[in-house]
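2 protein chains.
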Amino acid sequence: MANHEISCGLEYIIAPDLQACLSEALHANFAFIVLPIVHPRFRRSFLPSGGTVGGFTRSDMILSPQDWNSRIVGRLSHYLDPDSASPLVRQRHEDCLNEELAYCRGLGLPAVMLNLHSRNVNNLARNLHTYMDSSQHPTLIWTCVPMLCQRTLRAQESADNDNIEAWNEPWYWWTTFHERMGWDKRIGVVVEIPADLPPQEVLKRWLGEPIKAIIVPTTLFHNNKKGYPVLSRAHQQVVVSMVEHDAQVIVSGARRSNIEYYLQYLYRLWKKRPYVADDPMLSYAKGWEDYLQIPLQPLADNLDTHTYNVFEKDPIKYDQYQKAIAQALNDLQKKRKEESINNESNTEIINTSAKEIIQGDNTSKENERAITVMVLGAGRGPLVRATLNAADITNSKVKVVAVEKNPCAVVVLTAQAKEVWRDRDVSVISGDMRQINISPKADIIVSELLGSWGDNELSPECLDGAAGLLKNGGISIPREYKSYVVPISSARLWAAARVANPTNAQQMEKNLETLWVVYMQNKHDIGEIKEVFAFEHPEKGVKNHEGQELLDYRGLPLTDNRRSTTLRWEVQQDNVMHGFGGYFDCLLYGKEIISIVPSTHSPGMISWFPVFIPIKTPLRVLKGDTITATFWRCMNPRKVWYEWIVEVGNQATPLHNRNGRSSEMLL
Amino acid sequence: MANHEISCGLEYIIAPDLQACLSEALHANFAFIVLPIVHPRFRRSFLPSGGTVGGFTRSDMILSPQDWNSRIVGRLSHYLDPDSASPLVRQRHEDCLNEELAYCRGLGLPAVMLNLHSRNVNNLARNLHTYMDSSQHPTLIWTCVPMLCQRTLRAQESADNDNIEAWNEPWYWWTTFHERMGWDKRIGVVVEIPADLPPQEVLKRWLGEPIKAIIVPTTLFHNNKKGYPVLSRAHQQVVVSMVEHDAQVIVSGARRSNIEYYLQYLYRLWKKRPYVADDPMLSYAKGWEDYLQIPLQPLADNLDTHTYNVFEKDPIKYDQYQKAIAQALNDLQKKRKEESINNESNTEIINTSAKEIIQGDNTSKENERAITVMVLGAGRGPLVRATLNAADITNSKVKVVAVEKNPCAVVVLTAQAKEVWRDRDVSVISGDMRQINISPKADIIVSELLGSWGDNELSPECLDGAAGLLKNGGISIPREYKSYVVPISSARLWAAARVANPTNAQQMEKNLETLWVVYMQNKHDIGEIKEVFAFEHPEKGVKNHEGQELLDYRGLPLTDNRRSTTLRWEVQQDNVMHGFGGYFDCLLYGKEIISIVPSTHSPGMISWFPVFIPIKTPLRVLKGDTITATFWRCMNPRKVWYEWIVEVGNQATPLHNRNGRSSEMLL
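In order, the protein sequences belong to chains D and P.
Under UniProt numbering, the first sequence has 396 at position 396, and the numbering climbs by one with no breaks.
Under UniProt numbering, the second sequence has 161 at position 161, and the numbering climbs by one with no breaks.
Calculated from the structure, these hints are not laboratory results.
Treat the hints with care, since some could be wrong.
Since the list gives no way to pick one copy over another, a pair counts as held whenever it fits inside one copy or between any two copies.
Okay, derived cross-link-like pairs now, BS3-like style, lysine-lysine, Cα gap no bigger than 30 Å in a straight line [said to hold, decoys possible]:
hint	residue 1	residue 2
1	Lys334	Lys616
2	Lys185	Lys543
3	Lys510	Lys441
4	Lys441	Lys399
5	Lys185	Lys510
6	Lys418	Lys623
7	Lys510	Lys530
8	Lys471	Lys337
9	Lys510	Lys482
10	Lys616	Lys185
11	Lys204	Lys616
12	Lys616	Lys510
13	Lys543	Lys204
14	Lys540	Lys623
15	Lys639	Lys510
Keep in mind that this is a model prediction, so the values were computed, not measured.
Chain D extracted, bound-state conformation:
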């Protein structure tokens, strides 16, 4: 969905004259070229280890260092197989591999491209680890695989199936290699687009991989009526969706048209791609794709003014709150009217003579009838505004009490009460909603305490603490909220989480036991989204084994906000699980909801990115496997935290974040 330009490269299978190749490509406007590192005429001398580097290929003096550094992707010899079954070949190819890698390092290439041939990649990975560990220069590894394994296809030809194994096979080559490389984020994949395209689920799985580039062979193009090379509609879609996920495009193979035409076609294709509606979320999220942030702790830390600024700009959230408040005000008025009619008819029957007294008391009664709305955690006042608007719309008389613990926000709030809302009944109370006592009690309490995973900013604890502020039978907005998860594959998010903070081994462990707020792009859902925890307000309270509701020391329902849930998913396609995507939805009141669950996402609401919940050890899952995940919401007097564990068959992750050791929400 990124709004970037398309970046295209040109591959030369042989390059007898480097300077000519580069000139041609740049002249045609390609951004880079892909070149073999070894000159095909070169025959190597045989020496185990410490061979002579530099003699086996072209001199590096032909191009300027800048060109080598930015324009050239070096391709290692196709035939290299350091995982050969033959010990002799294995050792020989290992030595050649290291020779070529050393040469790439010497040239300072930005990326080295290599080919995988099978799932046997242990020795390749081992040598690349050594190479990368000993490299100062941050070389990227581009791992080239076909999308379809012809070998498997031929082996399977007689079988009457959907060739899924032939589509799976190269994906296994890549993910096995990536796994052996520790899911290192410097390792990307380059997929060759085949003439026959795979099933949608295979394509979608690839879109969850860190695709650095796609190879588009010139054979995929056919000439249109005017003689220009074009792609089929299906291929167009694949190319566009890959480029939307940040892939670059490498044109490769024999030219059947002027090389510039291919590039011009790709540019046009990208420009005329299906128009994405002007979604505020998409433009808001631009630049934040797959960028990890630590969740806020608005209870423990006071938000700064910049954060308020951002959140108050949400075009949808406060609309929804306003509608919900209006609905609640309407319902309360209706209820009161019914009660008052009941009262009056009762009064008439019981005590007709008191009529004058009741009528004379009318004015004070009208005053009493103002509906008390408490905004708990009012911040700089957006929900006060929404409440006043709702009162105007429903023609209700409201008394608004704005409670806020952040002193800076209280200053703004008080100023607004004096100036903007001076002819309204708005009072500001500075304090923690869990510790104050206000009377009269509220008919409605309104709060916005939800995090990206629903309860993860301690809304349940805050609202339970403030339960004494609400009249019996009063309304809480929100009324209910739920958290959701879906198991996902995303090597990119996992690798980013692992090294997110200045890294030592200890910090890496912590990073993988933490929720991360992130606009996820480069990921693939392994199952359906499922509900985790639900919270209602006002809370029903715990019952004892005789069914009696228990009360706390304040005489309010005793609540228990600890939770645990076990969820199960059946795997539909071989994959690797790296963690969960986490979401929430929330019933404000009536039928007004806010949601960041993809299928019900409140259109245009930008206040929340989802969360990524990593697992410490990525798990391989096979079609038919069951993923079992258990989440706990734990608490002690000082903090709330989550723990989680995932099991697949006999495999299990460690228990994450035990005793809240890596991430916690302070009370």
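Once you have looked at the hints, place chain P on chain D.
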């Protein structure tokens, strides 16, 4: 194999009078008692979290703190199931569990015993993690499981099989729990011995687990003719083998005899256990069972005098060397005689008239015929002694050159040459065998440079470096050595390795990428032992693709001591793999070998303990799975190191010790 005493405890299912129970047990000579923590008459109040501790059970004033601290194992309530499918039961039992644990902590019990009921142990483990993380007091957890799962047995009854699943099931409960607890070494297992005993392989697997105790129900005893309780022969064997692996014995259940008789029987049983031959290795290893040591680096570091002392005491090794040297001397003399006969006959034919000259030269010839034996890495001289002895035995004339790089050892060596060997031809050369030049060259070189895993003290590099010291066609003793591995299950060794050095997360990573020298006791072999790397001396040298032997700059065969090997095992029984046991054997000369491979172990040779090679992530393996392990021996100009990776199905460990980052042998 340990020579300790048997330690027995007595379990009380209910204990109405603590002091009386303890007195009775101590009076009968039991070492400890097992008691329920909760009094059966106690009915708990229901309060989520933070319940009142102390009211629900007996007062802790009844016993002295010393008794609580050393004599009492507290048993948690049997029925506790914090992993119940019912959320209400789950939460309730979790709260009860924590209440009982808090009480155990308060009493300072040395061990807490709990029961497992199924493989669902996530929540139990989670709560125990929290308990142990927040405990200053080092409580041990004794995890009680039956050996046979009656539930599975009944479910399987109709099936015509060996009930292996009913024997597997409780082992799964335990290992799943242990896995969830991170294989923590504070967690042990207590197995209840059943009336019907399991197949041998099941028993052997249990012997690889950290068994803290076995429960021997009194129902297993029958009364002998004299009316004393005794066990069947099969049960005797089980009890003895468990106690040999450090298990304590808990007698439990209704008494059908005087309680003292059970204990007296167990003592007798232990004393009269099958006599273990007086193996020097067993007495040498006593106290070293499962104790991890870092391998020596005799090349990089000089050995100290204590180490020489220990090694020189080996009653077998130098005998074997002496025999091998004698054999080599005999063979050389025979060869020379044949050559000389050939020469003489040749001489006769070609040049009969020169006979006098040859005879006249006899004395100097005799001198020349002294066989030059170089002892490379002579240390304080044991191999010099072996050589001189061998010369005496074979009536050979030898010239011994002792080469040693350790200055301290050279002092001792020189002193011995002057005093002890003053009438023998022994010269001492101080220097590194890879860098010195001596003439005449040696007929025989003798060295003892092997580590517990064969080449892991750099014998190949040292002997290749010294290859120039050996005559063409000369003899190297040793002639060949091989390393071996077997995949093993050993939670104890794994946990010990992980926390071996002052531990931070980084060090734990390193600890699991290191070879450990250890006399392994509490482990179970998952497969057959297999060969890893082999080395021959003198080395044959590398051939090029035309079959020509390549030479190095000295004109000696170019050697390549890098190796890689992939090994496979088919798993015979569900298990958990924690690493490998590593061994070596060595052909000295002729048919004289030294070996620490269990099946061919040189009897009485004490110089080497095996190695434990851990894997970072223990792997669950199922019957029928294939374990694939690849080992690399890598080198650069400064060091040699091993890397390894293990794959089982779709699971794989990370690549261990990449680029030698955690363990290395310096050249």
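Structure-based check of all given hints:
Taking the shortest Cα distances, Lys334 and Lys616 never come within 30 Å of each other, neither inside one copy (54 Å) nor across copies (67 Å). Within a single copy, Lys185 and Lys543 get their C-alpha atoms no closer than 50 Å, and across copies no closer than 40 Å, so neither meets the 30 Å cut-off. In this assembly of identical chains, the alpha carbons of Lys510 and Lys441 never lie at most 30 Å apart, being 43 Å within a copy and 61 Å across copies at closest. In this assembly of identical chains, Lys441 and Lys399 lie within 30 Å of each other by CA distance solely inside one copy; the values are 11 Å within and 107 Å between copies.
When the C-alpha separation of Lys185 and Lys510 is checked against a cutoff of 30 Å, the pair qualifies both within a copy, at 18 Å, and between copies, at 23 Å. Taking the shortest alpha-carbon separations for Lys418 and Lys623, neither the intra-copy value of 63 Å nor the inter-copy value of 77 Å comes in at or below 30 Å. Taking the shortest Cα distances, Lys510 and Lys530 sit within 30 Å of each other inside one copy (25 Å), while across copies they are farther apart (39 Å). Proximity of Lys471 and Lys337 under a CA criterion of 30 Å is satisfied intra-copy only: 18 Å inside one chain copy versus 115 Å between copies.
For the identical chains of this complex, Lys510 and Lys482 are intra-copy neighbours only, at 26 Å inside a copy versus 42 Å across copies, given an alpha-carbon limit of 30 Å. Taking identical chains as interchangeable, the C-alpha atoms of Lys616 and Lys185 lie at most 30 Å apart whether they share a chain (16 Å) or sit on different chains (22 Å). In this homomeric assembly, Lys204 and Lys616 come within 30 Å of each other (Cα to Cα) only inside a single copy, at 24 Å, whereas the closest approach across copies is 33 Å. Both within a single protomer and between protomers do Lys616 and Lys510 lie at most 30 Å apart by alpha-carbon distance, with minima of 9 Å and 18 Å respectively.
In this homomeric assembly, Lys543 and Lys204 never come within 30 Å of each other (Cα to Cα): the closest approach is 47 Å inside a single copy and 50 Å across copies. For a Cα distance limit of 30 Å, the shortest separation of Lys540 from Lys623 qualifies neither inside one copy, at 41 Å, nor across copies, at 50 Å. Taking the closest pair of Cα atoms, Lys639 and Lys510 come within 30 Å of each other only inside a single copy of the chain (17 Å); across copies the shortest separation is 33 Å, beyond that limit.
Hint compliance for this structure: hints 1, 2, 3, 6, 13 and 14 are not met, and every other hint is.
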